[in-house]
Each structure stands twice: as structure tokens, then as C-alpha cells.
Amino acid sequence: MTIPFKEWQKLDLRVAKILEVKPHPNADKLYLLEIDLGSEKRTLVAGLKNNYSPEDLKGKLCVVFTNLEPATIRGVKSEGMILAAVNKDESKIFILQPEQYIELGSRIS
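Going by this note's numbering, the first residue of the sequence shown is number 19, and it counts up by one from there.
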């Protein structure tokens with residue numbers, strides 16, 4: 019399936035920094051991430067617990083889908099989605115990161 023370029027342009031992908039990582043109170047495989055987009059902070063729910071410890075994630079830069087409609091996941095509102103590469107059997111998950119430091123909130127294009 020292909021999408022027109024105009025559809026791609028609707029995505030707002032931004033660089034963020036992971037500030038806090040907490041276990042989700044109602045799910046074994048999920049974390050609650052507090053992220054900083056430079057101009058605002060948000061909470062994301064992310065299924066990264068099987069692949070990252072909180073210490074591994076805290077302080078990392080990442081790419082966030084910021085204009086995704088908020089969703090309540092196991093009782094917690096998630097205000098975006100962290101992007102990650104996932105292999106076929108979903109045994110490996112790696113968050114997407116900029117190669118070098120760039121200002122928080124920088125747009126991915």
C-alpha cells in the first residue's frame with residue numbers, strides 16, 4: 019500500500035528526550051515515559067519493558083509521533099508514540115534516535 023506525499027506531510031515527528039521512566043501500574047510490559055519536546059512535556063505509554071531497563075531509557079533522545087490522537091492505554095492517557103524498529107517476531111525493539119544531539123522539538127522530515 020502506498021500513500022500520497024501529502025499524507026506523509028501530515029505526520030508531526032519530533033525529537034524528544036526521555037526524562038522519567040516508571041512502570042505502568044496496570045500492565046507488565048508497559049512503561050510510562052515523561053518526555054520533553056523542548057516546548058512542552060508529555061506522558062507516553064510505551065511497550066518497551068521487555069527490551070529496556072528504566073536506566074537504559076532515561077536521558078535518551080528519541081523520535082515521537084506528536085500529532086497522533088491521544089489514547090487511553092490501561093487507564094493512562096498516552097499523548098503520542100515513540101518510534102521504534104521491531105523485528106519480525108517482535109523479540110527485538112530499538113527506539114529510533116538521532117545520530118547526534120539536536121535541539122529538542124526538532125522536526126523529522
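The hints are simulated quantities; they were obtained by calculation from the structure and are not laboratory data.
Glycine included, each C-beta is placed from N, C-alpha and C at the ideal position.
Don't take every hint at face value.
Lysine to aspartate or glutamate pairs mimicking EDC-like chemistry, simulated, CA-CA at most 16 Å apart [what the hints assert, rightly or not]:
(1) Lys-40 x Glu-52
(2) Lys-59 x Glu-108
(3) Lys-35 x Glu-87
(4) Lys-47 x Glu-108
(5) Lys-35 x Glu-108
(6) Lys-67 x Glu-108
(7) Lys-78 x Glu-108
(8) Lys-78 x Asp-46
(9) Lys-35 x Asp-46
(10) Lys-78 x Glu-121
(11) Lys-110 x Asp-54
(12) Lys-35 x Asp-54
(13) Lys-95 x Glu-25
(14) Lys-35 x Glu-58
(15) Lys-28 x Glu-121
(16) Lys-76 x Glu-108
(17) Lys-67 x Asp-46
(18) Lys-59 x Glu-97
(19) Lys-59 x Glu-38
(20) Lys-24 x Glu-108
(21) Lys-35 x Asp-74
(22) Lys-67 x Glu-52
(23) Lys-78 x Glu-52
(24) Lys-76 x Asp-107
(25) Lys-76 x Glu-38
(26) Lys-40 x Glu-87
(27) Lys-67 x Glu-38
(28) Lys-35 x Glu-73
(29) Lys-106 x Asp-46
(30) Lys-59 x Glu-117
Derived DEER-like restraints, expressed as beta-carbon distance ranges [to be verified]:
(31) Asp-74 x Glu-25: 16 to 22 Å
(32) Lys-47 x Gln-118: 26 to 32 Å
(33) Lys-76 x Ile-120: 29 to 35 Å
(34) Glu-121 x Lys-40: 24 to 30 Å
(35) Val-94 x Gln-118: 21 to 27 Å
(36) Asp-107 x Gly-77: 15 to 21 Å
(37) Phe-83 x Gln-118: 27 to 33 Å
(38) Arg-125 x Pro-41: 28 to 34 Å
(39) Thr-20 x Asn-44: 35 to 41 Å
(40) Gly-123 x Glu-25: 30 to 36 Å
Tested hints:
1. A hinted pair counts as satisfied when its Cα atoms are at most 16 Å apart, and Lys-40 with Glu-52 qualifies at roughly 9 Å.
2. At most 16 Å may separate the alpha-carbon atoms for a hinted pair to count; Lys-59 and Glu-108 exceed this at roughly 29 Å.
3. Taking the CA atoms of Lys-35 and Glu-87, the gap is about 20 Å. The hint is violated against a cut of 16 Å.
4. Straight-line distance between C-alpha atoms of Lys-47 and Glu-108 comes to about 13 Å, which keeps the hinted pair within the 16 Å bound.
5. As the CA atoms of Lys-35 and Glu-108 are separated by approximately 24 Å, the hinted pair breaks the 16 Å bound.
6. Among the hinted pairs, Lys-67 with Glu-108 is consistent with the structure: their alpha-carbon atoms are about 13 Å apart, no more than 16 Å.
7. At most 16 Å may separate the alpha-carbon atoms for a hinted pair to count; Lys-78 and Glu-108 exceed this at roughly 21 Å.
8. Restraint check: the Cα-Cα separation between Lys-78 and Asp-46 comes to about 22 Å, which exceeds 16 Å; the hinted pair is violated.
9. Annotation: proposed proximity of Lys-35 to Asp-46 is violated, straight-line Cα distance about 23 Å (limit 16 Å).
10. Taken as a hint, the Lys-78 and Glu-121 pair is honoured in the structure, with Cα atoms around 13 Å apart against an allowance of 16 Å.
11. At most 16 Å may separate the alpha-carbon atoms for a hinted pair to count; Lys-110 and Asp-54 exceed this at roughly 25 Å.
12. In summary, the hint linking Lys-35 to Asp-54 is supported, as the alpha carbons are separated by about 5 Å, within the 16 Å threshold.
13. Pair hint Lys-95 plus Glu-25 does not hold up; C-alpha atoms about 25 Å apart against a cutoff of 16 Å.
14. For the suggested pair Lys-35 and Glu-58, the alpha carbons sit about 11 Å apart, so the restraint of at most 16 Å is met.
15. Our distance criterion of 16 Å between C-alpha atoms is broken by Lys-28 and Glu-121, whose separation comes to about 21 Å.
16. Straight-line distance between C-alpha atoms of Lys-76 and Glu-108 comes to about 22 Å, which puts the hinted pair past the 16 Å bound.
17. Pair hint Lys-67 plus Asp-46 holds up; C-alpha atoms about 8 Å apart against a cutoff of 16 Å.
18. Between Lys-59 and Glu-97 the alpha-carbon distance is near 10 Å, which keeps this suggested pair within the 16 Å criterion.
19. A threshold of 16 Å between alpha carbons decides the hint, and for Lys-59 with Glu-38 the separation of about 11 Å falls inside it, so the pair holds.
20. About 30 Å separates the Cα atoms of Lys-24 and Glu-108, which puts this hinted pair outside 16 Å; it is violated.
21. In summary, the hint linking Lys-35 to Asp-74 is supported, as the alpha carbons are separated by about 13 Å, within the 16 Å threshold.
22. Of the pairs offered as hints, the one joining Lys-67 and Glu-52 holds, with about 15 Å between alpha carbons and a cut-off of 16 Å not exceeded.
23. A C-alpha spacing of about 12 Å is found between Lys-78 and Glu-52, which places the hinted pair at or below 16 Å, so the restraint holds.
24. Distance check on the hinted pair: Lys-76 and Asp-107 sit about 26 Å apart at the alpha-carbon level, beyond 16 Å; violated.
25. Our distance criterion of 16 Å between C-alpha atoms is met by Lys-76 and Glu-38, whose separation comes to about 6 Å.
26. Only pairs whose Cα atoms come within 16 Å are accepted, and Lys-40 paired with Glu-87 is rejected, the gap being roughly 22 Å.
27. The suggested pairing of Lys-67 with Glu-38 holds, with an alpha-carbon distance near 14 Å, which does not exceed 16 Å.
28. Annotation: proposed proximity of Lys-35 to Glu-73 holds, straight-line Cα distance about 13 Å (limit 16 Å).
29. Restraint check: the Cα-Cα separation between Lys-106 and Asp-46 comes to about 22 Å, which exceeds 16 Å; the hinted pair is violated.
30. Proximity of Lys-59 to Glu-117 is assessed by CA-CA distance (about 22 Å); at most 16 Å being required, the pair is judged violated.
31. Checked against the given bound of 16 to 22 Å, the beta carbons of Asp-74 and Glu-25, roughly 34 Å apart, lie outside it.
32. For the hinted restraint 26 to 32 Å between Lys-47 and Gln-118, the CB-CB distance of approximately 31 Å keeps it satisfied.
33. The supplied range of 29 to 35 Å is broken by Lys-76 and Ile-120, whose beta-carbon atoms lie about 19 Å from each other.
34. The given range of 24 to 30 Å is respected by Glu-121 and Lys-40, whose C-beta atoms sit roughly 26 Å from each other.
35. The hinted range of 21 to 27 Å is not satisfied by Val-94 and Gln-118, whose Cβ atoms lie roughly 32 Å apart.
36. As the Cβ distance of Asp-107 to Gly-77 is approximately 29 Å, the hint placing it in 15 to 21 Å is violated.
37. One distance hint, 27 to 33 Å for the beta-carbon pair Phe-83 and Gln-118, is violated here, with the actual separation near 21 Å.
38. Between Arg-125 and Pro-41 the C-beta distance comes to about 31 Å, which sits within the given range of 28 to 34 Å.
39. Our hint of 35 to 41 Å for Thr-20 and Asn-44 holds, since their Cβ atoms are close to 38 Å apart.
40. In this structure the hint that Gly-123 and Glu-25 lie 30 to 36 Å apart at CB is violated, the actual value being about 23 Å.
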